[in-house]
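Chain by chain, the residues:
Number of protein chains: 2
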Amino acid sequence: METLLVNNILQMKEINKNWKKSDTIVGLVPTMGALHNGHASLIKKAKEMCNKVVVSIFVNPIQFGPNEDYDKYPRSIEKDKILCNELGVDVIFSPTPIEMYGENVILSNNELSFVCPPYSIVDCMCGKSRPGHFDGVATVVTKLFNIVKPDYAFFGQKDAQQLFIIKKFVKDLNMDVKIIPCPIIRDVDGLALSSRNTYLSENERKIALTIPKSLKEIKNLYLSGIIDTGILFDTAISILDKNIELDYLEFRDFNTFKKVDKVKENTLVAIAAKVGKTRLIDNEIL
Amino acid sequence: METLLVNNILQMKEINKNWKKSDTIVGLVPTMGALHNGHASLIKKAKEMCNKVVVSIFVNPIQFGPNEDYDKYPRSIEKDKILCNELGVDVIFSPTPIEMYGENVILSNNELSFVCPPYSIVDCMCGKSRPGHFDGVATVVTKLFNIVKPDYAFFGQKDAQQLFIIKKFVKDLNMDVKIIPCPIIRDVDGLALSSRNTYLSENERKIALTIPKSLKEIKNLYLSGIIDTGILFDTAISILDKNIELDYLEFRDFNTFKKVDKVKENTLVAIAAKVGKTRLIDNEIL
Chain A
0 METLLVNNIL QMKEINKNWK KSDTIVGLVP TMGALHNGHA SLIKKAKEMC
50 NKVVVSIFVN PIQFGPNEDY DKYPRSIEKD KILCNELGVD VIFSPTPIEM
100 YGENVILSNN ELSFVCPPYS IVDCMCGKSR PGHFDGVATV VTKLFNIVKP
150 DYAFFGQKDA QQLFIIKKFV KDLNMDVKII PCPIIRDVDG LALSSRNTYL
200 SENERKIALT IPKSLKEIKN LYLSGIIDTG ILFDTAISIL DKNIELDYLE
250 FRDFNTFKKV DKVKENTLVA IAAKVGKTRL IDNEIL
Chain B
0 METLLVNNIL QMKEINKNWK KSDTIVGLVP TMGALHNGHA SLIKKAKEMC
50 NKVVVSIFVN PIQFGPNEDY DKYPRSIEKD KILCNELGVD VIFSPTPIEM
100 YGENVILSNN ELSFVCPPYS IVDCMCGKSR PGHFDGVATV VTKLFNIVKP
150 DYAFFGQKDA QQLFIIKKFV KDLNMDVKII PCPIIRDVDG LALSSRNTYL
200 SENERKIALT IPKSLKEIKN LYLSGIIDTG ILFDTAISIL DKNIELDYLE
250 FRDFNTFKKV DKVKENTLVA IAAKVGKTRL IDNEIL
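As given, the protein sequences belong to chains A and B, one line each in that order. All residue numbers for the first sequence refer to numbering that gives the first Met the number 0, where the first residue is 0 and numbers rise by one. All residue numbers for the second sequence refer to numbering that gives the first Met the number 0, where the first residue is 0 and numbers rise by one.
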């Protein structure tokens, strides 16, 4: 069966209602489109675990800051449809911003309701550089969950902070959906797949490669017994290309999201950095 | 069948899952207990419209300010059970704060996820005097909706701002529940029923009665053709007892919640005032 393209919220709800008449397990892969192999791995996992798979494609305006790349964020719905079709996706849910947020609405806390995850996990790392970003993510994900009503939702571990935050508000607000984290997928050269990689020039890509290289070195040092974050941090810095503008390199317990001084199993090593105008993130869970 | 008392979230979810196997229409009446005839009217309406009725009884700590009456808020679970039984309520859902928010959690935006309705309808009227109140209400109501998964939820029109806010975030976040507003129920002397009325001394109650009296006079003047809010405001003030500490008396369009200069059909006239230490609210929709 060909993938069905749905733009309308009520239609999506109706489809779910029909599925639910027969105990169907529904999976949702929320995306902003410009699908790559990272997304494909999420979709494949969803196909394994669910009877019906919905891929949402929505470049969500409320998670972009005023000086960020909302307008130029890559959009490739025709290519995305082909990939979804190949992978056996049942429905692409791709609403317009007006369908999601209404007409003539200023997309701010003044006119719209938001889901706000706890400050302690929002006001740090990516949230520090991108104020309001995770409120926007939490809000759109909540909306998608209420529209698609998935049993499982699939998120990439590349967005480690996002993943932690989503698990947290799902628990806090007693939502029924189970969050399935999926491993980072890398290109052959080691760069973590991201729709934003298309922004990189050839030279910038070379520079960007020192990000996964520094993470790999941290992992190697950890495996050889070095657990002091000071030493690990300095090593990573020495590997990162001088033209990289580091935003953060942090060591956090992936169960609690608290900073750690000594790394151990399940420590998240997360990095965000700008290469030229492109902001990239990557991480390793030790 | 006797009303079942459920304290546990998972048990409540299981009960709903069983109901939903057979297309049951579920109604929720969210309350803070200390049930009175106002609540009874909501329950009766729910019984009319639904196959199964859940009354939640939960004095929600996160909607009380630090200097408010959380600790002394009236609690009467035994009496409440008898009333629910008489009215044919299927389930009382009455979790503890720990069951709802977890153990050793500081109940603040720093550690918990909140649902935050738009500032424009939160930072005024009751929300102005009670910062954080409506975020707390929106959050607990969202949790209750996710736990009980009602088709209909019943709210009293006495809390007009709350009602408007709940409708707004339900729409904004694409929740499926339908919000059913129910009219204010008054005592024989005209005072709007409220669990907080038990705080009033005999003399305070006399003073409080000038609140509904002033609203009634506004309605009479409106029906006689006076639509200028300045005149209506002054008349109301002249009727209110001098010992009443007025918080606000506002005229708003009940469809948009915008202030109006000239009243018309569907104008909300809302009042909040302190009588002694007791904060009371009341309103009329013209």
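Don't read these hints as lab results, they were simulated from the structure. There may be inaccurate statements among the hints.
[Claimed, not checked] Only pairs whose alpha carbons sit at most 27 Å apart, straight line, appear in this in silico BS3-like list of lysine-lysine:
(1) B/K19 <-> A/K177
(2) B/K257 <-> A/K20
(3) B/K263 <-> A/K170
(4) A/K276 <-> B/K170
(5) B/K212 <-> A/K170
(6) A/K16 <-> B/K12
(7) A/K166 <-> B/K127
(8) A/K46 <-> B/K19
(9) A/K148 <-> B/K127
(10) B/K127 <-> A/K16
(11) B/K166 <-> A/K19
(12) A/K170 <-> B/K170
(13) A/K19 <-> B/K177
(14) B/K212 <-> A/K20
(15) A/K166 <-> B/K19
(16) A/K12 <-> B/K12
(17) A/K16 <-> B/K263
(18) A/K16 <-> B/K46
(19) A/K177 <-> B/K46
(20) A/K148 <-> B/K212
(21) B/K43 <-> A/K170
(22) A/K16 <-> B/K16
(23) A/K12 <-> B/K127
(24) B/K212 <-> B/K263
(25) B/K212 <-> B/K127
(26) A/K20 <-> B/K263
(27) A/K205 <-> A/K46
(28) B/K127 <-> A/K19
(29) B/K170 <-> A/K20
(30) B/K212 <-> A/K19
(31) A/K170 <-> B/K177
(32) A/K148 <-> B/K263
(33) A/K12 <-> B/K212
(34) B/K263 <-> A/K177
(35) B/K263 <-> A/K166
(36) A/K20 <-> B/K177
(37) B/K148 <-> A/K177
Going through the hints against the structure:
1. B/K19 <-> A/K177: Cα-Cα ~20 Å, so holds.
2. B/K257 <-> A/K20: Given that 27 Å is the threshold and the Cα spacing comes to 42 Å, the pair is violated.
3. B/K263 <-> A/K170: violated, 44 Å
4. A/K276 <-> B/K170: Measuring from Cα to Cα gives roughly 37 Å; hence the hint is violated.
5. B/K212 <-> A/K170: Outside the cut-off at roughly 46 Å; violated.
6. A/K16 <-> B/K12: holds, 19 Å
7. A/K166 <-> B/K127: Distance ~32 Å between A/K166 and B/K127 Cα, so the pair is violated.
8. A/K46 <-> B/K19: Since the Cα atoms of A/K46 and B/K19 sit roughly 26 Å apart, the hinted pair holds (cutoff 27 Å).
9. A/K148 <-> B/K127: violated, 35 Å
10. B/K127 <-> A/K16: violated, 40 Å
11. B/K166 <-> A/K19: holds, 26 Å
12. A/K170 <-> B/K170: holds, 22 Å
13. A/K19 <-> B/K177: holds, 20 Å
14. B/K212 <-> A/K20: Between B/K212 and A/K20 the Cα gap is close to 53 Å, so the pair fails against 27 Å, i.e. violated.
15. A/K166 <-> B/K19: With Cα atoms ~26 Å apart, A/K166 and B/K19 stay inside 27 Å; holds.
16. A/K12 <-> B/K12: holds, 21 Å
17. A/K16 <-> B/K263: violated, 41 Å
18. A/K16 <-> B/K46: holds, 25 Å
19. A/K177 <-> B/K46: violated, 33 Å
20. A/K148 <-> B/K212: violated, 48 Å
21. B/K43 <-> A/K170: Violated, because 33 Å separates the two Cα atoms, which is more than 27 Å.
22. A/K16 <-> B/K16: Roughly 15 Å between the alpha carbons, so the hint for A/K16 and B/K16 holds.
23. A/K12 <-> B/K127: violated, 36 Å
24. B/K212 <-> B/K263: Within the cut-off at roughly 20 Å; holds.
25. B/K212 <-> B/K127: Answer holds: B/K212 to B/K127 is near 25 Å, not above 27 Å.
26. A/K20 <-> B/K263: violated, 46 Å
27. A/K205 <-> A/K46: Violated, at roughly 35 Å.
28. B/K127 <-> A/K19: violated, 43 Å
29. B/K170 <-> A/K20: holds, 24 Å
30. B/K212 <-> A/K19: Between B/K212 and A/K19 the Cα gap is close to 52 Å, so the pair fails against 27 Å, i.e. violated.
31. A/K170 <-> B/K177: holds, 24 Å
32. A/K148 <-> B/K263: violated, 41 Å
33. A/K12 <-> B/K212: Given pair A/K12, B/K212 is violated - Cα atoms ~47 Å apart, limit 27 Å.
34. B/K263 <-> A/K177: Not OK: B/K263 and A/K177 at ~49 Å, beyond 27 Å, violated.
35. B/K263 <-> A/K166: Measuring from Cα to Cα gives roughly 47 Å; hence the hint is violated.
36. A/K20 <-> B/K177: holds, 21 Å
37. B/K148 <-> A/K177: Roughly 17 Å separates the two Cα atoms, so the pair holds.
Comparing the model with each earlier hint shows violations of hints 2, 3, 4, 5, 7, 9, 10, 14, 17, 19, 20, 21, 23, 26, 27, 28, 30, 32, 33, 34, 35; every other hint is respected.
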